[in-house]
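There are 2 protein chains.
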Amino acid sequence: MIGRLNHVAIVVPDLAAASGTYRDTLGARVSAPVDLPAHGVTTVFVELPNTKIELLHPLGADSPIAKFLEKNPSGGIHHICYEVEDILAARDRLKAQGMRVLGDGEPKIGAHDRPVLFLHPKDLFGTLVELEQA
Amino acid sequence: MIGRLNHVAIVVPDLAAASGTYRDTLGARVSAPVDLPAHGVTTVFVELPNTKIELLHPLGADSPIAKFLEKNPSGGIHHICYEVEDILAARDRLKAQGMRVLGDGEPKIGAHDRPVLFLHPKDLFGTLVELEQA
Chain E
1 MIGRLNHVAI VVPDLAAASG TYRDTLGARV SAPVDLPAHG VTTVFVELPN
51 TKIELLHPLG ADSPIAKFLE KNPSGGIHHI CYEVEDILAA RDRLKAQGMR
101 VLGDGEPKIG AHDRPVLFLH PKDLFGTLVE LEQA
Chain P
1 MIGRLNHVAI VVPDLAAASG TYRDTLGARV SAPVDLPAHG VTTVFVELPN
51 TKIELLHPLG ADSPIAKFLE KNPSGGIHHI CYEVEDILAA RDRLKAQGMR
101 VLGDGEPKIG AHDRPVLFLH PKDLFGTLVE LEQA
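Top line first, the protein sequences correspond to chains E and P.
Here the first sequence stands for residues 1 to 134, numbered as in UniProt numbering.
Here the second sequence stands for residues 1 to 134, numbered as in UniProt numbering.
No lab work stands behind these hints: they were computed from the structure.
A hint or two may mislead.
Treat identical chains as interchangeable: a pair holds within one or across any two.
[Said to hold, decoys possible] Computed cross-link-like contacts, DSS-like style, restricted to lysine-lysine with a CA-CA straight-line distance of at most 30 Å:
#1 108 x 52
#2 67 x 122
#3 71 x 122
#4 108 x 122
#5 52 x 95
#6 52 x 122
#7 71 x 108
#8 95 x 122
#9 108 x 67
#10 71 x 52
#11 67 x 52
A quick note: this is a predicted structure, and the numbers were derived from the prediction, not measured.
Okay, chain E solo, but in the shape it has when bound (with noise of 0.2 Å):
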């Protein structure tokens, strides 16, 4: 069911200087800024060749990865998103199997602009996992 890992999420207490770092230090193809206020987030993408790392910094008052950055200030890794070919079948059988799907169970449009759903880590492992129609 799970296809292509589409990103890996990196919170940063400093995006400025963690694009720096991965544009100047590692040599990575770093994008600009994008201030996504829907979901309390700047986002800068790390281009790889087969998939991106995005930077995340809290946008807001009631950012939902503000929680994230107090407990962890010097950053951390905070999800890891999977494509699916289709996301209400993909929850559905995801549900049926006992899996918690985060908020009220309905898909948002995320990041790219298609639907994401995020499920509970404690279901898999510690790891916040977020699924993405492809």
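Chain E is already provided as a structure; the job is to place chain P on it using the hints.
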């Protein structure tokens, strides 16, 4: 400099359970467990179309991931691995820019029989990064 994302490594408290979830619930292709005594881990590879997930469990008394599992009893994402063309050139470039290489700074032979190094998570926003020679 960095190339493909070679893998995401996830430490899990129960390798059989995690393999089962990835295979049966998430529908992924999952390898048999492989003991790597030299690394102090048992590994299961989850093959995705563009990269892989490595499920890790401590092996033996001196496993380098035992403490991580103590701190994160449900498990969690442990590190990400980027490929580089020339690991010695990469190391020297990174050290010249102030990045710390873990251990004695010399590449070890990793889980895929290729030279690997680990970079200090404090220099990479709380993310433990492995470099593997492609």
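Hint check:
1. 108 x 52: both (21 Å within a copy, 26 Å between copies)
2. 67 x 122: Answer is both: 18 Å inside a copy and 19 Å across each meet the 30 Å cutoff.
3. 71 x 122: both (18 Å within a copy, 15 Å between copies)
4. 108 x 122: within (21 Å within a copy, 33 Å between copies)
5. 52 x 95: both (28 Å within a copy, 24 Å between copies)
6. 52 x 122: both (25 Å within a copy, 21 Å between copies)
7. 71 x 108: within (26 Å within a copy, 32 Å between copies)
8. 95 x 122: Only inside one copy: residue 95 and residue 122 sit 14 Å apart there, 38 Å across copies, limit 30 Å.
9. 108 x 67: Classified as within: same-chain Cα gap 21 Å, cross-chain 36 Å, threshold 30 Å.
10. 71 x 52: The answer is both: 25 Å in one copy and 28 Å across copies each meet 30 Å.
11. 67 x 52: So residue 67 and residue 52 pass the 30 Å test inside a copy (24 Å) and across (29 Å) alike.
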